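Novice: Going by numbering that gives the first Met the number 0, the first residue of the sequence shown is number 0, and it counts up by one from there.
It is worth saying that the hints were derived from the structure and are not from the lab. One thing to keep in mind: the hints can contain errors.
Claimed, not checked - Distance windows between CB atoms, simulated: (1) 92 x 52: 28 to 34 Å; (2) 241 x 271: 23 to 29 Å; (3) 77 x 134: 20 to 26 Å; (4) 77 x 7: 22 to 28 Å; (5) 92 x 123: 25 to 31 Å; (6) 203 x 225: 28 to 34 Å; (7) 203 x 253: 26 to 32 Å.
The model shown is predicted, which means the values in this text are computed figures rather than measured ones. Every residue, glycine too, gets a C-beta built ideally from N, C-alpha and C.
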Amino acid sequence: MRNNVSDQPRLAVIGAGLSGLRCAALLTEAGYAVTVFEKSRGTGGRLASSRLDGLTTDLGIPYIETQLPDFRQWLGAHATQVQRWQPRESDFSLSPAQVNPARELWVGTPRSSAITRALATKIQLRTETRVSVVWPDKNGVLLRDESAEMLGHFDKVVVAAPAPQAAPLLDAVHRFQARAETVHMQPAWIVSLLLETRPEALAQTDLIEGEHPELQRVLRDSSKPGRSGEVWTLQASRQWSEAYLNLSADTVMNEQVAALVALTGDPLVVKAHRVHRWLYCNAVSTESSVALWDADAAIGVCGDWVAGGGVEAAWQSGTELARMILSSNP
Numbered sequence: 000m001r002n003n004v005s006d007q008p009r010l011a012v013i014g015a016g017l018s019g020l021r022c023a024a025l026l027t028e029a030g031y032a033v034t035v036f037e038k039s040r041g042t043g044g045r046l047a048s049s050r051l052d053g054l055t056t057d058l059g060i061p062y063i064e065t066q067l068p069d070f071r072q073w074l075g076a077h078a079t080q081v082q083r084w085q086p087r088e089s090d091f092s093l094s095p096a097q098v099n100p101a102r103e104l105w106v107g108t109p110r111s112s113a114i115t116r117a118l119a120t121k122i123q124l125r126t127e128t129r130v131s132v133v134w135p136d137k138n139g140v141l142l143r144d145e146s147a148e149m150l151g152h153f154d155k156v157v158v159a160a161p162a163p164q165a166a167p168l169l170d171a172v173h174r175f176q177a178r179a180e181t182v183h184m185q186p187a188w189i190v191s192l193l194l195e196t197r198p199e200a201l202a203q204t205d206l207i208e209g210e211h212p213e214l215q216r217v218l219r220d221s222s223k224p225g226r227s228g229e230v231w232t233l234q235a236s237r238q239w240s241e242a243y244l245n246l247s248a249d250t251v252m253n254e255q256v257a258a259l260v261a262l263t264g265d266p267l268v269v270k271a272h273r274v275h276r277w278l279y280c281n282a283v284s285t286e287s288s289v290a291l292w293d294a295d296a297a298i299g300v301c302g303d304w305v306a307g308g309g310v311e312a313a314w315q316s317g318t319e320l321a322r323m324i325l326s327s328n329p
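Kindly generate the complete structure, drawing on both the sequences and the hints.
Specialist: Put into structure tokens, the structure is as follows:
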């Protein structure tokens, strides 16, 4: 690490999801002065969480499923932010729920966003800042916000946004821009509910997944480690989300609750709710490169959409881009 802070190479990361913050954390450890720009109010991306009448609900990815040994080891080393979860699973036929020993699921504690908040502890984070220009010039790589105000020059820049948001930022590297433009991001409606009581039909069930015209997943958030209450998350099916992308939040809530009532046969008393529309939820791409780096432009790209989709791919992409940057010429 360089001893003089003023001599530290300056790196900007656009996007405070898992991929961007993983890359930022590794480069911070290697001696870079890193600034992360995030258009939202906090970290997490699709690992975002929210309060629901004093309790916790995960608004995005419901759990992390692992296959890569390196990622599994990393999760296991962060016991204060993430724990194993073994839900009792069923399908939409409501067959008897059982724990599936073949699946290795992890969840953030006490909420999903704890994972990215921990990564951001030693990084300068600028929230509610939407970057609109990324352009190399004689002074480095220039960043401007949506009002054309200069955010600064940086030695290197990482774009860690969803593909549709990354594409306009990649004018300086056309092949990266073209790659982002080929990716289709599927939307998803998420409805979080605080119920008065647990549905009787789901008394022994924590997670339902499978084929259903309106629902992709029904999950009891309160069954996760460190949670309490009767908080449930409904994720609309991909077909339903795409067909009803522009419905009002209240209509989506009513329709999804009606689907759950029809499924279980139990009346529901909803004490509080939160509805979130993810425009960019699941990445559909025909290519997979793990990460993208152009040493001449000093611009790189990471994200789940680059590496094939999913939380594990996001972590892998951020890790690989950090390695690529560190192995390139200063």
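Novice: Any hints from earlier that this structure breaks? Give me their numbers in increasing order, please.
Specialist: The structure breaks hints 3, 5 and 6; every other hint is satisfied.
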